[in-house]
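J.: Chain by chain, the residues run as shown.
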Amino acid sequence: MIPTDTSNPAYFHKVVDCQWACPAHTPVPDYIRLIAQGRYADAYLLNRKSNVFPGILGRVCDRPCEPACRRGRVEDDPVAICRLKRVASDHRGDVSDRLPKKPAKTNGKRIALVGAGPASFTVANDLAPMGYECTIFEKLDEPGGLMRSNIPAFRLPEQVLSEELDAILDMGVQLKLGTPITSMKSLLNKGYDAVFVGSGAPKGKNLDLPGRYDTDRIHIGIDWLESVAFEHTKDIGEKVLIIGVGNTAMDCCRTSLRLGAKSVKVMARKPRAFFKASDWELEDAEEENVEIVVNHSPKSFVTKDGKLTGMVFETMEYELDEKGRISSQKVTGEVTIDCDDVILAIGQENAFPWIEDDAGIRFDEWHVPLVDETTFQSTRAGVFFGGDAAFGPKNIIWAVEHGHQAAISIHKYCQGKMLTGRLPDELELHPTKMGMFEWSYSNSFDASSRREMRHVELVKRFEKLDIEVELGFSPEQIATEVERCLNCDIQTVFNAPLCEECDACIDICPVECLSIVENSSEDELRKVLNAPAASEGQDLFASDELPLTGRIMIKDENICLHCGLCAERCPTAAWDMQEGEIRIHHAAEQDMESPA
Amino acid sequence: MTSFVKPRIRRKNQPVNELGLTRADYEGAMSTLCAGCGHDSVTASMARAFFRLSIEPHRAVKVSGIGCSSKTTAYFLRESHGNNTVHGRMPSVATGAAAANSSLTYIGVSGDGDSLSIGLGQFVHAMRRNVNMLYVLENNGVYGLTKGQFSASADIGSLAKKGAPNEQPPIDPVSLALSVGATFVARGFSGDREQLVPLIEAGLKHKGFGLIDVISPCVSFNDHKGSTKSYAHTYKYYHKSVHADFVPPSKDIKVKYDEGEMMPVELHDGGVIRLRKLERGFDPRDRAAATMALAKAQQNKEILTGLIHIDESHPDMHELNRMEERPLNEIPYAELNPGAAKLAELQKNFR
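Chains as they are written, first to last, in the working numbering: chain S, 1 to 596; chain A, 1 to 351.
Chain A with its partners taken away, still in its complex shape (with noise of 0.2 Å):
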């Protein structure tokens, strides 16, 4: 055998979501990543979130740029739209997606590189507009697929596979989310599904964007001693500040909270964020707590993670524009192009 394939098996007595479907059902095609690469990891998050919240494959889009990580989108939900498009540019076509058909659930999948580099204005904007997609970035601190070079988010002292240690400064993406008004900013690991999987749903159900920076190691060319994103490096500084369940408006949510221990955040839908705090004196609903311990995660060289900022008062794009809420699709060709003579009236205001 010169490739080889997951094959799919009906088995008796598999797991079925609401829809009937399988997990098997959310997968996609067969991941070319290196054996042992943290984003198949993210991959099977992703797809383990998707079944877990039943939402039907053909009402997701995803949408990618270029690198290791936004080839990803090819290896889940299998039966949903999809736009690989040009490097950096993810969140324009996002943009313009949600702009058309609000209806749909859209995630994106970028790495450091195509998200912090080249890609870093249209990230940043698409944080400021408040695109209600969750924006899943695989972060693993090195261009994987031109063999190892730095990305903008090494930490200083990290060692290159050779040896070379980075010398410039890292963006964390998380620390500018903050700064740029994100509504919903969340760092995971590749390496802790437990924790990955249920901020990967309540991303998905924010309303606006949601950022999930995510730990997720190069097992080619960033895995060795000396380098700060490597499989052993993040389990061992890993830290845990708040936990995030998920509960979906379905289920009964009356459940007693021991305030200071536990936080609901009620979303739009009637879903509810749980979150379970790891950590005293830290509430993740107060932006300038979560820029703080973010700070200061960073002096101790920590890694902090959970959910580190949640706003759910903050308007969408939709929204902050006063745009159509219904897809485009589905509005009758009369209104939607209402004719030459409607748009000379228009363009008449603007002589």
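Only chain S is shown next, with the shape it has when bound in the complex (with noise of 0.2 Å):
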């Protein structure tokens, strides 16, 4: 192997498998360890400066961090990492003289946004303070968009979101509520020195089959969300059947019991191992014994006299081959389920009939906008996607890094730069050795599991529509969890001319991670290792060689605790603690000197 270049600060941030994971790269364990010292501010703070919206996301994120952290891989379950981003909201007191201020004066670049979801307000909240002129447009008569329109009350409250909308607001961004814009060529007209476009995702998808316009009763899961968010839509039938299975799905069952349906089915295609929806989502809403039924395909709606009577579906069988993929399916018969009411929860897509096909602004075939994956610009010079009008549906997070790369965009575009000159990240490391046996982070390896999150009782939770279900970490909760993170941000820092080849390191190693062998390719040095094994994903470091016999030393990134017992057990330093910060430059910080 060639010897690993730690310089690149790709290679660290790799080993930081949440912080790498997270669209916005957020420094989990740098905030998980400000909570353990009971700095929530602080910890705030840090999570909004990535993802802007610390107390939504500690609720509602769809936590792409959680699978990919190393604990999950080292025992079973991953750290809570969400539920301890909300501890940091929760307990973070009054923080509006931390938060960036409206400037002075402007710089008189006005920037129109369209949509007020979380994409248009991180590009704002990037902006604004710089001096940028920013107004939000909006159709509905309240700002958030999905965050405040399909994602219910009870999984996130009115004044969590409220709060982080306001502290954007604030910044002196301009809000138009109530004010559709039906005409992109008309909004360019209007003399905006930059436009981005984060309308969402907003049409749910139909199914048409028999039946489908005979009644009333079958909703669009998102549209019917949206109506009883704003409390158009107060009550429902008995019997809901909810189609498809994704989080939208999940938030329609749990919302029509709210409604008072007695009886709520999930009716699912495929097996579950083919469920879109987020694990805990799952099981959040079998908690409330919603009842999830697999391998049944809708065939047609029954009606009666125009009421709707029930379902017919389709029982299906599946084939699986050796990697779980479907391999064949057949019917093997047909039922009708009684139902008073059906939601259909089967994806979104983007719409944008207000967008005219000569403003310039191209799309796919699938009526997707042809959209720069780094710049987020459109095929219009000054015209910019986020969010989900940018790629398709994906979720809060993806929306809000779309949005930051988008503020970087529109900053160089308004300076007349080029887009793509952007500052590279970059990576700081400091030591964290304080003495003998004593670092600056909590090293020792916390054997506890993990935490489970405390609800509300099932009878009480019902009362109200927006009874928020998750009651948050308890103090001894926060003291456990926060000590179950490994510190992978805390990086194994090898200077192989110092090393002695003792073997101290290899021995001391809880999870046999280390080596020291015979330099080879990649393939052949994984068989010989301490403990062999196979990529998962994860490098294999490689040093350069070393001083006494030329061989290297080989760490398997995979299991690393970050315990530093490799650096406690060396005699002469060679392995080392270090903390790897790395800097992620937004709008704000992209006039500063490019580094050396």
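Worth flagging that the hints you see were computed from the coordinates, not collected in a lab.
From a predicted model like this one, the values you see are computed outputs, not experimental measurements.
We put the beta carbon where it would ideally sit given N, CA and C, even for glycine.
One or more of the hints may lead you astray.
To be verified - Okay, the calculated beta carbon distance ranges per label pair:
| no. | chain 1 | residue 1 | chain 2 | residue 2 | range |
| --- | --- | --- | --- | --- | --- |
| 1 | S | 3 | A | 16 | 31 to 37 Å |
| 2 | A | 120 | S | 77 | 55 to 61 Å |
| 3 | A | 14 | S | 93 | 43 to 49 Å |
| 4 | A | 7 | S | 157 | 37 to 43 Å |
| 5 | S | 532 | A | 289 | 24 to 30 Å |
| 6 | A | 264 | S | 573 | 44 to 50 Å |
| 7 | S | 573 | A | 86 | 34 to 40 Å |
| 8 | S | 1 | A | 329 | 53 to 59 Å |
| 9 | A | 324 | S | 532 | 41 to 47 Å |
| 10 | S | 520 | A | 56 | 31 to 37 Å |
| 11 | A | 329 | S | 3 | 55 to 61 Å |
To be verified - In the DSS-like style, the derived pairs of lysine-lysine whose C-alpha atoms are separated by at most 30 Å in a straight line are:
| no. | chain 1 | residue 1 | chain 2 | residue 2 |
| --- | --- | --- | --- | --- |
| 12 | S | 527 | A | 240 |
| 13 | S | 433 | A | 240 |
| 14 | S | 14 | A | 12 |
To be verified - Over 10 Å on every C-beta distance to chain S, these chain A residues come out as not near it, computed from the model:
| no. | residue |
| --- | --- |
| 15 | 5 |
| 16 | 159 |
| 17 | 270 |
| 18 | 295 |
With the hints as a guide, bring both chains together as one complex.
T.: In structure tokens, the structure reads:
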């Protein structure tokens, strides 16, 4: 192997699995350490720098960080990262004087933002303090986008949402509610310096089966949720079927229960392994006695005198290949299931009826705009897209990252600079050694299992639509969960010329991830390691040649606990534990001198 | 945190031996030796050898004397028997234990101070008796626990940490062992685990006394320039003569040997030590040749390592003394203690 270049910021960044997996690259271990010290406001602000909405995301984030968490590979359960984010938010106190401020005067550049969702709010959050005059146009009467209209209040309380949106509006952002943009061309004619489209993927998919239009009791999931959120819909029939098994379906079934439904079934076409909903959302729905029915493919709606009475399904059987993919399927029968209402939650699509064909913005065959993946600029200069509007439905944390990137582009565009001339990430390493057996982080491995979130009792939670189900972590749960974090950002830094090849690090390593071997190809080396292992997507660190024998030190990054025992045991400090801070530059930092 | 412990983690896909135990099951308490001590590496090699041989930890006995090296019996095989004896007296305790129960696996851990000064007499007599045990001598040339005075194995001209040279000739445990008829004599280096682990495996399986002299640098007091027992010096003058691979009896050993390259030595339990010559004209089964090779290496200031001599034909202590093979704790009480009348009858013979 070629010696690993750890000066490339991406190498150590990738070791921090959670941060690497997070679209906005939130420095998770760093904020968990702040929580452990009781520095909740600092933890909140550190979060806010990258993900802008810690209170919201601490409840409803899609959590790509958690499946990536190294703790999940060492044992079974990852650190409850999302819940800890909520802890930072719940206990932060008043941080208003530490948030970015409305500038004393603006820079005269006007930016129009279409849609008041997380993407537009992130762009405004980045640009308004720099002096940009940001105006957000929203067709509904409340801001928040899907965070308000589609995520039920029992998961995301109204107050949490409003607080974080208001913080951005206080930076001098104009919000025009009830103002749908009906023409891109006329918007472009209003003289804005740049336009950002963050209008989401607002069109719920339809299911055009026989009987679809014979009744008004078949609802499109996201429209129905919006109608409930704005209190236009206040009740539902006793028996409800939800079609589809994504996260929207989970919100629909749980909302139905709160509107008075007695029996709610979620109908899935395929087996459980193919569900799109997050595991925790499925668990929360099942805790509320929602029945999830697998292998039922919708066939038709049954109506009698204009009233919906049931739905016909084909029962399915699937054969899976060795990789768990469906290799064949067959219909084994047909059943009719009674219902009063059906809610379709089978996906969303982009819809831009307000962008004229000759506005200079090109779309692909699926009506998704052609957007540059780095700059988020459309085919028309000065018009940027982000969030679900850019590449189709994703989630809030992706929308935030799109917002950050679009803000950089808008800033460069307004300065007449090249959009691709973005500052690269930087890596800063700080020593953590305090003395004998003493490091500036909690390095000892804590064997505790993942803490369970406490929920409001089942009977109580249905009393009102907006009773938040999750109660947050108790002080004891916080104290335990923070210690489960392995501090993967405290990097193992190796200095080959100092190594004496005494094997002390190899012997002390509790997960046997170190080896001193004769150099060879990565495939060969993986077979002769102290604990031979296939890759699992994780790198091998390869050192320079060691001075005494010319062999090399190999570290399998896969399950390193970052416990620092190698560095503690090393007589020459060839191994050291150093905190690796990945510096990611948002719009406001783009005008700094580029690193040498 | 004021001290540290190595956490025990049952991770997924951990390698296990024939008993289903992991390597961690063969470890012990945390070492309190200096970071980078060669002894810790030897400890790990011993744990590794017991793991590979699938020896049940509770069927092993660790014995040691006094010194840094002798502390290390606490750091491996946490679930086995052990006795930390008086300085230099480990061989007698091991002899007694082996006499009482020959069915256990005995490993003695000692150092150059414990074995070559205060315990020199005990050490050579255990070899003469051919006690069935493996004796690991962790050799660093200094008294580490008392801050670095020269021990009896320090080479002439080797410098102490403050610069004073050693002027007395060293006692070489390997030459000594050959001269008193030891039946398994090897030398290893804590820094070469690939060589050391199979040597320990072979030594544990050898019937009779096995000595492994392990060069094990003292990082605190004898790892400087001018020392002949430092990591750097040992790596530089290190000379491998014969590599030993241990093949347990359960494995298929019908491998074709190219005589002259590979030399198989069959052990009492059916296992085989496969010797791989790294040098021509040297056969470790020949004591005279081994003595010659050793003398030559000493002359060239090389550190000859590997399995230097092996003799499977010599009877061990039990056989020599026609002792009871059954462990004493398995012998019925009446047979073990025939009573006062029988004793009186026996004593008559001596009147």
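J.: In ascending order, which of the hints set out earlier in this document are inconsistent with the structure?
T.: Structure breaks hints 5, 13 and 15.
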